Amino acid sequence: MQRILIINPNSTESCTASIDRAAEAFRSPDMEIVAETVAAGPVSVASMADHARAQGPLIDHITGRNGPAADAIVVACFSDPALPAAKEVSGLPCFGLGEAGMLAAMQRGMRFGIVALAEASVERQQRRVAELGISARYVGSRAVSLSVPELADADRTVSAMAEAGAALVRQDGADVVVMGCAGMADYRNALAAAVGRPIIEPTQAAIGAAVAAARQGW
4 MQRILIINPN STESCTASID RAAEAFRSPD MEIVAETVAA GPVSVASMAD HARAQGPLID
64 HITGRNGPAA DAIVVACFSD PALPAAKEVS GLPCFGLGEA GMLAAMQRGM RFGIVALAEA
124 SVERQQRRVA ELGISARYVG SRAVSLSVPE LADADRTVSA MAEAGAALVR QDGADVVVMG
184 CAGMADYRNA LAAAVGRPII EPTQAAIGAA VAAARQGW
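Per the numbering used here, the sequence shown starts with residue 4, numbered consecutively.
Everything labelled a hint here was simulated from the structure, so no lab data went into it.
This one's a predicted model, so the numbers in the text were calculated from it and none came from an experiment.
All C-beta atoms in this analysis are idealised placements derived from N, C-alpha and C, irrespective of residue type, glycine included.
Take the hints with a grain of salt, since some may be wrong.
[Said to hold, decoys possible] Each pair of labels, with its calculated beta carbon distance range:
(1) G94 <-> S31: 35 to 43 Å
(2) R159 <-> D33: 34 to 42 Å
(3) W221 <-> A133: 22 to 30 Å
(4) D33 <-> G59: 42 to 50 Å
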């Protein structure tokens with residue numbers, strides 16, 4: 004039995020529940036997938052300050068946990084907090100939602116845009132795109148202006164995501180849209196129906212990469 008550990012760096016349990024549902028498609032008799040919450044993390048990871056606050060508790064969670072050993076780790080936050088440090092302290096393959104989601108988007112189309120959680124998320128996403136060297140493929144981010152706990156309101160969230168996704172396609176020229184928060188995972192099908200373009204759900208993109216790495220021994 005192999006095991007993928009998914010760690011939600013924010014402390015919102017409804018977000019972890021959404022992540023766990025996204026993982027269901029990858030579970031099998033020989034692949035266990037466990038989702039955990041960093042209780043000491045911020046409620047949301049939207050701004051650069053949130054990103055900074057999430058890093059220490061995330062690393063403490065990895066180094067201090069007493070659960071069963073994992074074969075790979077998913078850092079379940081689109082801002083990829085402490086991703087290099089997670090690799091360093093765990094010695095395992097580690098995958099971040101932002102990196103995995105954007106790489107998947109580029110495999111699916113030429114130009115991608117991101118449905119961001121908040122206006123404070125946009126600059127952080129721009130910086131992450133630049134770090135990855137993929138700015139030429141990125142049309143921009145559009146915010147839904149919600150917090151992670153507010154994503155549990157399905158009607159409000161889908162409406163805001165549909166508006167942002169449509170703007171990315173019609174105004175900004177995206178041919179692929181990436182969902183910019185793990186807490187949005189439940190709404191991929193609704194967003195795809197509203198926007199009419201391929202939608203990348205980054206939690207599943209990262210889990211898929213982690214499962215492949217574990218099975219292949221990468």
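22 to 30 Å as the expected CB spacing between A133 and W221, which holds or is violated: 27 Å, holds
Please test the hint of 34 to 42 Å on the beta carbon pair from R159 and D33. For R159 and D33 the Cβ distance comes to about 39 Å; the hint holds.
Is the distance from the Cβ of G94 to the Cβ of S31 consistent with 35 to 43 Å? 25 Å, violated
Consistency of beta-carbon spacing, G59 to D33, with hint 42 to 50 Å: Given range 42 to 50 Å: violated, Cβ gap about 34 Å.
The structure is inconsistent with the numbered hints 1, 4, although it conforms to all the rest.
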